[in-house]
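Could you build the full structure based on these sequences and the hints that come with them?
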Amino acid sequence: MRKGEKVAATVEGKSKRRTPLVDRFLFVVKVLLIGLVTIGFLAFIAQQISPDNWFAKWRNPGATGLSGDQIKGLVISGLSQGVFYGLIALGYSMVYGVLGFINFAHGEVFMVSAYTGYIAANKFAANGMWESNFALCLLIVLLLSVMVSTVTAVLTERIAYRPLRNSPRLIPLITSIGVSFVLQNAVLGIFGPGTQGYPQLPEWLAKQRSILTFEISGIKILVFLVTIVSMTGLWYLVERTKTGKAMRAVAEDKEIASLMGINVNRIIVTTFAVGGAMAGVAGVMFGLLFRAVNPMTGFLPGIKAFTAAVVGGIGNLGGAMSGGLALGSAESIAPQLILEPLGVPGVTQLKDAVAFTVLVMVLLFKPSGLFGERLSQEDRA
Amino acid sequence: MSHLLEIQNLQVTFGGLDALSGLNFHVDEGEIVSVIGPNGAGKTTFFNTITGLVEPTGGDILFQGDSVLGLEPNEVTSLGIARTFQNVRLFPNMTILENVMVAQHCRTSQNVFGALFQTKAFKKEEEEIRQRAEEILGFFGSRLVGYRLDQAAFMLSYANRRRLEIARAMATQPRLMLLDEPVAGMNPSETAELTELIGRLRSEWGFTIVIIEHDMAVVKNVSDRVVVLDHGVPIASGSYEEVSTDPDVIEAYLGRPVESHS
Amino acid sequence: MTALPSSLLLDWKRIFKWGSICAAALLFVSLVGMPIKLDPKSIISPLLSLGYVSLLWLPLIFGYVASSRVVLEGVETRKPGLPDLLTGVLTGTIGGAGLTLLMLGIENFDIRDPLINWSPQLLEVLAFGARDLNSAVWIGIGGALGLVGAGLHLIPENLRRGASYGFFTVLALAIFEPALDDMSEGFRLEWLVELIFEKRGGLKLWPAIILALLIGLISVVTKGKAKNAVAQYREQEKSQKKKTSVVLFGIVAALGIVLPIFMGTYVNSLLANVGIFLLLALGLNIVVGLAGILDLGYVAFFAVGAYTTAVLTSELSPFFAPGMTWVLSLVFVIILAALTGLFIGAPVIRMRGDYLAIVTLGFGEIIRLLFLSDFLKPYFGGAQGILGVPGIDLGVVYISGTDTRGIFYLVLFFCAIAVYVSWRLQASRLGRSWMAIREDEQVAEAMGINTVNSKLMAFVVGAVLASFAGAIMAARVGSVFPNSFMILISIVILVVVIVGGMGSIPGVFVGAFVLIGVLGGPKQPGLLQEFGSLKLLVYGMLLVYMMLQKPEGLVPSARRTQELHQEEFLQDAWLKGTDDEDEEQTAAGEEAQI
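Going line by line, the protein sequences match chains P, V and C. The numbering used here numbers the first residue of the first sequence as 1 and each following residue consecutively. The numbering used here numbers the first residue of the second sequence as 1 and each following residue consecutively. The numbering used here numbers the first residue of the third sequence as 1 and each following residue consecutively.
Below, a list of computed lysine to any residue pairs in the SDA-like style, where the Cα atoms sit at most 25 Å apart:
1. 123/P with 104/C
2. 13/C with 151/P
3. 241/C with 145/V
Quick caveat, the hints were computed from the structure, so don't treat them as lab data.
Written out as structure tokens, the structure is:
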């Protein structure tokens, strides 16, 4: 008998395996989720084709469908939100790749930068420079905020995380929760609980432009441009410089990297700094776009950014940005595309729930993320 | 007559590398079989596949006639296969007694309600668990008894940790024990003692044993049969004498003698 | 080599480092608003308020730390002396200079926008209320306090302990003043309270000094007898230990039952708050402390318990209002909580520890958002919640939501259940499987433990206990609102469990009383209501500090201390001779070798 035949026969015997209750339950959950998404989407398509369609009316009698412009608007707002998630996610991804824990406080680093931006921008607005010399102001504000966020990130590493380098993994996570609390409430105490506003943007920046039939405001274009520049810079750093190579080595295996002569501590500080800088860029851009910051601004985006990092594949930088864009788009589109056709009232309230649902779905269906994880052996559970 | 454990054409491939290929192997009840081979021969992978930690890419593993492929590790253990780890993996912060008590998990059944309501059945089972644990630990002489029972496992000396590993495996009440390098790192007297203990595991407790070992003295003293693996493939099988003089085996360990040029 | 005058050479780098950190800390505390907010709380009236304490302790502590030297076993180090005092003084001076600069800044610049505390009020506090105080005074104050801090090294150990006990006694008395005031009525000890405390708050000067000296003296005299007692307790034989534990528990329980009778509404209300959080913490302690699962969405179960009770008992519940009694609804609360535990647990059970934390956080938020949403408004009332939840009818007695004493007893009862559950489960097959999973999940599986089922059980047990707390809270407040169930609650409970001692029941008690009682819960004020929103800052700092210095918590379980300080335990055993040496080669062994 040939070898191949015997193997085929015996591998089939695998079906004797018992399926525990939990797995069966999870299977039902997965089916339900996919089912809901599919039905909602199909109902949406039906709405688009003709709002009087019986399928469209089935769950949502008031269905009107979306106009092309509305859809484009959703896409743009989704992407511009997603860009922030992506920039913040980079920090989460890098720290997880190198140290193997979730830096809960990273969202607050983003918030600190947004606050710095607000203070600086308002100072410039007060003495008129904001109006007269916007580009210069913007540059200074950006540099200042990025510096502050980088310093914050580095300080938190030095004070709270370095002593715990060899602790069991949950301890740095819990500590980072504490750091997050401290940062949030320190800002609350020092600057007050109110929501603070950025000054008005100059008209030429804020006005809507038309690019490829998409209506997009100038500030959003700026956000995209700044992001692209930052990502390019990051790519260059990680792929083309010695430091970047060292960072990748440390992410693979800290011990061996140190045996190769790499100063692991310095690389870890660099990782935090770069992550903090990216979050800093995001903070200023966020402030300029949404014009409002308060001490809790960093909390929810922080969690969603982590979700984005997981969605893209933790440790994977390109994945982090992709995950961010995907999550932002999903958040923006899902309420209209899936939930509304299903007849769920008040869909925009549930936007935040979408992000968490995406996290659960990714971890159920493809835990290593869309583009695969990049972790060291020891950090893989 | 069916074997206790039968491996048929086992194939384990990791991304292009064949860790095991075409492995046929069997153990009968009451045997002690040693698996030897140079480093990287696939011996621990072999154990990992049997216990469900690694999924084979082909072949079958039959225990007591039924396939155990695809079962979760805890299911494999409850079927009656126990193992020790090459790099001793105890529960360091649990006491010695607790380590051995917890290993009886799959043989006991009391749940939340028994614990909360302190039913007679619960108390009886707890007492049985404790007694069995003490009995098993007593197997190792006076080392792991008395005040030691309440010491945390991380405080044990290396040799005692290896012994505790084996005690835990015993506590799962297996029919088949897989010992992964049980005497690694032990000094000669400890080794001699453990060799004797392995024999007693079969004679007094009735376990069937498969051992991975490098120490040839142990292999010689303890095995009924020896199987040699090299690069994932079995290259010899038989008694110690047969195997130790087999030219393929010698070549696997030492290489082929250089042709002399006269 | 003779002792050089180099013993007078100071470590300037160290002084500068700690001095700047001290200055930064002082600036931070000031700008965050602590002196302003805490000034109303008087410690020793009229001299010392909590606001000043929040500033003054810093140069003292930094003076102490800066002049600390590491004493290595077997290495000769010089006795503490003049150089250390100088170090302390200089460190404090630099710190104080920071405040001087701040005062000068406030006088001359106005950056109140954005720094809201850069204000005349802050200036007034820093100037001790005087109108034209020279700000340089702080340099002197800083130096003096730094000197005292460094001086602590020079006085013998027991005097040092005495001093700190004395100080903390005064502080504690001041903190507990509202409670003592309340209790004194019940015990007819108003005269004592009037003797010690000023009417407006704070201790009177002489009673404070006397009490401080008294307690300090007592602690010097008893000299660590308490520590010996604790050590003795630890060393006891298992069965003896069990008896002592039961006795201790009995005493605490008796106190818990008897004291509330004498206490007024303020204290009872405070205790009821503490009790509800204690119940939550005991539940989370099982999930985090025993099973090692970091559930950041624990508040979800709290919410489920509260909403179930509200829907089932309130007449005003939309859609479905059976109007059951509280006790009957409890049955359904348990069932729904267990189901929720299973639904939330099942997807997360196979995930990595940190992913699990975030996903459970997400679930907590999803549940809150669902209760808040218009989507489920017909069932749960949306943002308006459900009103009209009646009190608790136990047949023989009716506990209305405003009956704080009754509520407290009820909470105490459920806490006792929680303690019982933790205790029994720890020493059971399930508890052992949790321990094993926490140690090494892969090996636990190899030992035959079904980790999925075991972890799910932890979720379910934790969920049911949290739901009890929710049910009680719903009845107490009389209504449920979605915004009572924010993630903040999960995190605060986590802080309580960790600061108190993960896995340690006494620790959780201490954590709950100290944190929730003194600082207050997320929305409930504690004894120090002056903190206001700053209490969350303190929570965060405490959490970070504990993780860095004492991760096992304030009252750790013996097991956890061992786990986190393995090296020290091994060394102790080596010193005592109870460690496990590898055996010598025996003659038989040598023969076998040949």
